[in-house]
Amino acid sequence: MADVELRNITKSFDKDIGLEKVSLKINDGEFVVLLGPTGAGKTTTLRLIAGLEKPDSGEIWIDGRNVVNDSPAQRDVAMVFQQYSLYPHLTVRENLEFPLKSPILKTPVDVMKRKVNDVAEVLRISHKLDNKATELSGGEMQRVSMGRALVRNPRIYLMDEPLSSLDAKLRSELRIELKRIQAELGATILYVTHDQIEAMTMATQIGVLNNGRLEQFGPPREIYENPSSQYVATRLGSPRINTLPVSIFGGAPAGSALIGLRPEHIHIGSGQDCQVTRIEHLGDQIRLHLRLAGHNIITLTDTHTSIKVGDVIAIQPNNPIFFDANGSRVV
Amino acid sequence: MSFSVNEPSNRQKWGAGILVISYAIITLLPLLWIIATGFKSPADSISYPPKVLFEPSLEGYVNLFTTQTRASEETFEALGDPTTWYDEIVRKKGMVIVGPSRFSERFLNSVIIGFGSTFFAIVLGTAAAYAFSRFRVPLKDDLLFFILSTRMMPPIAVAIPIFLMFRQLGLSDTHAGMILLYTGVNLSLAVWLINGFIDEIPIEYEEAALIDGYTRFQAFYKVVLPQAATGIASTAIFCLIFAWNEYAFAVLLTSGNAQTAPPFIPTIIGVGGFDWPAMAAGATIFLLPVMVFTILLRKHLLSGITFGAVRK
Ligand SMILES: Nc1ncnc2c1ncn2[C@@H]1O[C@H](COP(=O)(O)OP(=O)(O)OP(=O)(O)O)[C@@H](O)[C@H]1O
Ligand SMILES: [Mg+2]
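Sequence order for the protein chains is A and B.
Each residue of the first sequence is one higher than the one before, starting from 1 at the first, in this note's numbering.
Each residue of the second sequence is one higher than the one before, starting from 332 at the first, in this note's numbering.
Extracted from the complex, chain A is given alone in its bound form:
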């Protein structure tokens, strides 16, 4: 395991910008999650680190060495691809053994057997070991892809949405399992996901990418509580942060155009009157949909509320964050 650092990486494709001046540092043993919409450059970041793409400019350091000119094999990283990486002509077991049999590792047979069985156990695919890789469900294939990485002990694991096609239960189980493995091995992981629960629960650091730029990089709590832009603020939190013109509540700092209110940052009882348009009971919480001066707002309330649809309630901001007209944070 090792430190990995990107310094000012720029990568463009024929006409698309893949990444623009991205710098980020992943310390040994960290679990870094990359968040971002589709096309943001998440996969490109992983491929650059793996050595499958060459940056137009910038440096990639692994373990204190600039590896930009190294081959993928020399970099000693493991990658879980977003799609297709199981060899269809091999069985599940052969797929898991494949990385261990490489000319670099040349693992002895008994060690290989043990590792494969261990990983299969963790990923709950032991009963499928002798199936052809094509005879698996999408979720099973994803677990085997993950297994192909986990049998190794590389300097960094790169995982591209490895849990995306699993059902909620298995996903949350494997999330915990992965976190446990990471803690146990002290593994360094760079993990791509769209799922903010995965991001919040597993990450020690989160990087938010948008349009090839790294918008913010920091611990999950900081990203959530202290987003650097409106875009970052909307990436995390469910229901999403409410953004309204500052004029509605007043009292905004100079230069701000928008006020951002997380659902839990709305105080009910005093302030502006608004109408309750819908109530969603989610068991552990109740979501109130409000209408205020032509804007929709979502907030939360406790489970034994007496508020009904049609009621008029008063709300006011509690700990709001402000953005300027371009969506940048105003402090």
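For the record, the hints were derived by calculation from the structure and aren't laboratory data.
These figures come from a predicted structure and were not determined experimentally.
All C-beta atoms, glycine included, are put in the ideal place defined by N, C-alpha and C.
One thing to keep in mind: the hints can contain errors.
To be verified - Within a straight-line C-alpha distance of at most 27 Å, the following computed DSS-like cross-link-like pairs (lysine-lysine) qualify:
id, chain 1, residue 1, chain 2, residue 2
1, B, LYS553, A, LYS101
2, B, LYS471, A, LYS15
3, A, LYS25, A, LYS54
Said to hold, decoys possible - Okay, the calculated beta carbon distance ranges per label pair:
id, chain 1, residue 1, chain 2, residue 2, range
4, A, ALA293, B, ARG467, 55 to 61 Å
5, A, ALA254, B, ASP530, 56 to 62 Å
6, B, ASP530, A, ALA293, 54 to 60 Å
7, A, ASP167, B, PRO339, 32 to 38 Å
We have chain A already, so just place chain B with the ligands on it with the hints.
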């Protein structure tokens, strides 16, 4: 009635079955006729109306593999009784065997040239196709078109320049020359077909292998090749069939040394007219290698020939 995309109804199955069987009968009949003719006596082979039931004879095969001459009574007496079954067959006609015919030699030439050129076309074609599919080759589309364009006229259209070139280079009537020629003709087919098959294999497979510590060649060998095997096998069959059956160049460029079976078989002339059973016997034996090769590869062929549509 339910409708399923991949499960035909009973009526469709019957209809398709009858069609396939009739087609098989139509295409197999001439083949059966040739095989049967090989076992007829010369008289039976040209009798009219044609004989479906006949007394089998190995005369055709014996004539195919031997050269014979008419002998006088004295010679027969000097030779004594026939020592082998084929001697006996020949003597009944009043002839004696004076030696083997050139058929085995021609047949061996066909095997060497057919399989040799198929081997080179496949090896070179796979290498070129892999490069076209995976690397950024400058002018890739133009090059591919150029390669295909070599097949746009019948190869025999360039027979004369090739004949002159071969004569100049000393390649006329040599195995190397014929292998070179057939490899050249087959290469465009091989590059195009295999390029298509390799294009279909997602590049992520190789990338995964590269990351796992394999070199590019190992990734090609362990990951791409097994998955392209189906397509490569069917391409090999196409190449072999062309090289095996090629007649025009073989007539033009080979004679004593490197002649293949196709120009040789029609030259089998018996006593007093064409020896049809011997020719049929030659044709039958000539069919065997391609048939065996195809049967050996048929598992691959069936899936490869659909060109990826249902490849799994
Ligand atoms: N090989 C390529 N050739 C051309 N453009 C590419 C290539 N790979 C990526 N891109 C472009 O680079 C941008 C970033 O792509 P990338 O695959 O990194 O997105 P992503 O964040 O992983 O998205 P997703 O969540 O959909 O997987 C996109 O605009 C994409 O079109
Ligand atoms: Mg991606």
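Which constraints among the numbered hints does this structure fail? Numbers only, ascending.
none
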